[in-house]
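Novice: What follows is the residue order along each chain.
There are 2 protein chains.
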Amino acid sequence: MSENSNIFKVHFLPNDTHVEVNDNCTVLDAAHKANIYINSICGGDGICGKCKVILSTGTIDAPPTKLLSGEETEKNYILACEASVTSDLQILVPKETRLEGKKILLDQNEQHYMTWKAILEQARFKHDALVKKICLKLQPPTMDDSVADHERLYQAIMMDQNVELNVMQTGYRILKKLPEVLRENDWTVTVTLGHRGKVLEIIDVQPGDTSKINFGVAIDVGTTTVVACLLDLQTSKVVDSEAVYNTQMKYGEDYIQRIIYAIQNDALEEMQRSIVTDINKLISTLVKRNDIELEYITSVVCAGNTAMHHFLLGLDPERIRKEPYIPSANFIPPIRAIQLGIDINSRGLLYTLPSVAAYVGADITSGAAAIRLDREELPTLLIDIGTNGEVVLGNKEWMVCCSASAGPAFEGSGIKHGMRAAKGAIEIMHITKEFEVSYSTIGNVPPRGICGSGLLDCIAEMLRSGIIDRSGKFQKGIKTDKLREKDDEYEFVLVNRDETAIDNDIVISQADIANLIRSKGAIYAAVSLLIESMGLTIGDVHCVYMAGGFGNYLNVRNAITIGMLPDMPASRIKFVGNTSLTGAKMALLSEDAFETVQNIASQMTYFDLMGNQKYMEEFMSANFLPHTNLDEFPSVQEELAGNNT
Amino acid sequence: MSENSNIFKVHFLPNDTHVEVNDNCTVLDAAHKANIYINSICGGDGICGKCKVILSTGTIDAPPTKLLSGEETEKNYILACEASVTSDLQILVPKETRLEGKKILLDQNEQHYMTWKAILEQARFKHDALVKKICLKLQPPTMDDSVADHERLYQAIMMDQNVELNVMQTGYRILKKLPEVLRENDWTVTVTLGHRGKVLEIIDVQPGDTSKINFGVAIDVGTTTVVACLLDLQTSKVVDSEAVYNTQMKYGEDYIQRIIYAIQNDALEEMQRSIVTDINKLISTLVKRNDIELEYITSVVCAGNTAMHHFLLGLDPERIRKEPYIPSANFIPPIRAIQLGIDINSRGLLYTLPSVAAYVGADITSGAAAIRLDREELPTLLIDIGTNGEVVLGNKEWMVCCSASAGPAFEGSGIKHGMRAAKGAIEIMHITKEFEVSYSTIGNVPPRGICGSGLLDCIAEMLRSGIIDRSGKFQKGIKTDKLREKDDEYEFVLVNRDETAIDNDIVISQADIANLIRSKGAIYAAVSLLIESMGLTIGDVHCVYMAGGFGNYLNVRNAITIGMLPDMPASRIKFVGNTSLTGAKMALLSEDAFETVQNIASQMTYFDLMGNQKYMEEFMSANFLPHTNLDEFPSVQEELAGNNT
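Here the protein sequences line up with chains C and X, keeping their order. Each residue of the first sequence is one higher than the last, beginning at 418 in the numbering used here. Each residue of the second sequence is one higher than the last, beginning at 418 in the numbering used here.
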């Protein structure tokens, strides 16, 4: 026993992990130390109530809280972030607080394409990987042709690649080994060339022909999930994909919380290591599973929001959240991956796609390139709904963008039974006039929660079936016991406990609905503002691309019904999935695509919505289903009118 | 005593240095180990006889040699390279075998110029240092101008320097510290920019205005001497100069011997360290003497021959001496000086000027740029006489070059009393018809030997006064006891022992004369060959620039008289000193000059003289004073005819 000392042992179950902590630690701190993920949206501020754990043995010190129900308190539930350790403990982390088993859904479209060449061609990008390998057979020198080794190689590259001599760079180490490498296989060599802005760097020279072996990894560095895709750069085939939760989540669910954590705890380095470790794990899994050597990976392209790029690069993110919201850099030059500790070929390059502003990141510029917004003749919208909700409006001549502070509701955060698009998530939902709920889950397993597309369906269907009114309020007069009051709040039971995988009813509460309406309202307001700011109307918008991690399918009509998207023919709305990753893949395979992202990033005009009076007005009007002004949604007006008759 | 062991102690005097060696070591090896310089032209092959030392105590094992006179053998002189250590020894290194005190002559022209701006202007080079510092006052960001820190800096540089955004590069470390640096002095920063080919690298960013403090070092990396010149890059002033002997001399007097040594002893790394140590010593002396911090030095430009550049960079030099004589690289990209261990600012750049071929190095391209050969309308010659003797013929449209294998005779090597242009060297000599010798020495001190210009005068004057005939043979009938036979060879006493500083007569021997004639013949043959190869005659050559370390003055007329230079009005021949260093200084101060050297190097056509039949014929004809064919030297014919009457 350690009653007389300051060190306590905490035993976490079901992981069976032990950790020692000081007596001023919270249970959440102990979990961080034990590297156990505990759901925590507020980052440990005692606000979100997501970090519920069960105290099996031992004593803790915690203030009273309304975030736990009487039932929960009886069952020894505590909030990990509020509970100070005052003895040795045994802590049980319940299912809903854990991450395990929530395998992240990868883009199913992956499997439909044999190679990415077709996709590049469709997007009209030239296939010319950012880092490529070429095999060159040089003429051996003679007395009549006594060009030096280095210049002989340059000349051969020049001829092969049709570039100018003075745009090439060679590192000192390459130069040193060059003469031997050239002669080892009788003047046949494989040169690895990397684009660095206007310069083509000789990254490596190897004897013989190894040009067939060249891989790259495209990474979507999301606030919540990190997705990596392994590509064969020679054949443009997608080899494999893998995703992990961003372990930075332990520092805060959204990136603003993480920035605060980083600054208050001087933890930038630790948080950089955390994201780098995630990336290394992904790459390591991909290479092992596909029997590839790490050194064959010569390039990585990352697309993430501005804050994630700062964390990844170890750039101070403090000013991102302070007026006037200035990133250290939007355009980050390619650097050797090893400089950040990313394990690939020791001379391999890391490319980070460019951001536009503190709140419009590379995920958006990447997405805009993926859908070739820069080639559209008519005004086109790109709406990416993730933790924020960024909107781009533009065509080949101009682009405006903004970030909507929509919150992560459609990613499942802040929603009682919200969850990410993973196995067990309800992704499609239908509710009859008789309030019967039918649904399907990802993986066709008993439901664990509801992901973005399911939540969107849920709101639309509840509106149609009259469970809620246009303000989102429950119609308390409806005849069903599914609508009930619990802990002073109304909630609607979507799935009964006996059908779920979580030993609980899956419900949607009044607060959840308000959250989702605020979220969709923020997006619609941003869309309206951008359209108006360009002197256009919704009728001028030719097409809407909707991106984000909603799930496999998104009911576009329902998105219009709840007033998230403008009222227009569903045929002009396309759900395009994770465009951030798509753009990163394209850039990896095509310098042309990479440059396009750069051009898009330089071209985009950023609108700051914070403190914008017009935006606030738009937002207030959009805080209704579908909108305060029904005239903006004629088809929904018609739909609901039919409903009411 | 160590008679029973394999370890012997060797005590060197007058240094008073002790060293322990194995019994299979030579005295020369022991000297290397003790870091004592012993003159040795042949690199330890027992050929040159320059490594004479006096055995004070102990026993050695040495084969018989003709390189020591009877008198010398009596005085216990031994050849250090031939003598195996067989007991503890005491060795006295006599003055003539030592280096100390031979302070290398620096270009006296230095002092005549206040700044190098005038020189650059005269050469029509723009003043724009390879690495420059600029002070920028940025506009602080606001909500209406929320450009990121990195791009804000780029835009300011772009405006200031009139460059494109996409030709700039920033290192990761700079990026990381940028936000803090920008804000430390209220958005006033000093940016250090380095040219890297087409790219402008942000080498450093410092708070406030430090743009006034920026220094660079130009270095002539000679086979024999390494000369460094410290320049203030902001004012273009030459601050100071310093020179040391290349300590690589202990591995061989010429670079071919050093290449052999490097390969046979796997000593490339050691030899690289040796030259880097020389350079660090020079820089360290310069900064200390001028009270400058090492970090203020942001750039170094090196000009040396191809082999020296290989040694400096640690590039394998083996193929330089093997057919087809292929350098690893003629064009070496700029690298961080610290990568080679050169101590300047840790992010400072090292630029090596480009070579043309194995035997035409950066010293020549640098020289050609220094005299602006690339702007000449009419065919112009540049002759650089160092250890080899390289010749360039060209104008603004074409350039041809070759290396003459002239040997280092005019640097004093292989000449009994030859020495480099240092204090005590006879640099001007006059001989009357009565065989009276008058002379002046560098530093006006008693003579220690004869440097290049003195040797050149000596041959011309001996020819004029009839001491030698046109074949270089002593006229044994002349009435003077200064011509004498010694050790089976004739020699002419130039200075009596009592007038010298070396306790010996200063003489010139028949072998010396033959050496010098071969040397000048090789140069003249190269000149002839280049002129003929272009279908020109000597009359077409507009001007001759003669470069090299001859001394302060060079009697151009004497160079014609002995047939080293073609017969033309002396007014069209210019002695230009160390053009290798001049070009390096220009490059340091002017990116334009640096690029000019690059262009010159790419433009030059190299003629290989080895095995060239025509060259051999030309060389045979030139092995005469002034030449076999007197018609090529009408003015000398006239001069000598007047002489004979």
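These are calculated hints, taken from the structure and not from any lab test. Treat the hints with care, since some could be wrong.
No copy is singled out in the list; a pair is fine if it fits within one copy or between any two copies.
To be verified - As a list, the in silico DSS-like pairs of lysine-lysine whose alpha-carbon atoms are at most 27 Å apart:
| hint | residue 1 | residue 2 |
| --- | --- | --- |
| 1 | K594 | K739 |
| 2 | K698 | K593 |
| 3 | K534 | K893 |
| 4 | K469 | K893 |
| 5 | K543 | K833 |
| 6 | K896 | K512 |
| 7 | K554 | K426 |
| 8 | K615 | K543 |
| 9 | K813 | K899 |
| 10 | K467 | K534 |
| 11 | K593 | K739 |
Novice: Give a verdict on every hint.
Specialist: Now for the hints, and whether the structure bears them out:
1. For a Cα distance limit of 27 Å, the shortest separation of K594 from K739 across copies, 18 Å, qualifies, whereas the shortest one inside one copy, 49 Å, does not.
2. When the C-alpha separation of K698 and K593 is checked against a cutoff of 27 Å, the pair qualifies only between copies, where the shortest distance is 25 Å, while the shortest distance within a copy is 33 Å.
3. Within a single copy, K534 and K893 get their C-alpha atoms no closer than 56 Å, and across copies no closer than 89 Å, so neither meets the 27 Å cut-off.
4. In this assembly of identical chains, the alpha carbons of K469 and K893 never lie at most 27 Å apart, being 30 Å within a copy and 114 Å across copies at closest.
5. Proximity of K543 to K833 under the C-alpha cut-off of 27 Å is found in neither arrangement, the shortest distances being 46 Å within a copy and 70 Å between copies.
6. Taking the shortest Cα distances, K896 and K512 never come within 27 Å of each other, neither inside one copy (33 Å) nor across copies (117 Å).
7. Taking the closest pair of Cα atoms, K554 and K426 never come within 27 Å of each other, the shortest separation being 65 Å inside a single copy and 56 Å across copies.
8. For the homomeric pair K615 and K543, the shortest alpha-carbon distances inside one copy (17 Å) and between copies (24 Å) are both at most 27 Å.
9. Proximity of K813 to K899 under the C-alpha cut-off of 27 Å is found in neither arrangement, the shortest distances being 51 Å within a copy and 93 Å between copies.
10. In this homomeric assembly, K467 and K534 never come within 27 Å of each other (Cα to Cα): the closest approach is 44 Å inside a single copy and 71 Å across copies.
11. Proximity of K593 to K739 under the C-alpha cut-off of 27 Å is restricted to the inter-copy arrangement: shortest distance 18 Å between copies versus 48 Å within a copy.
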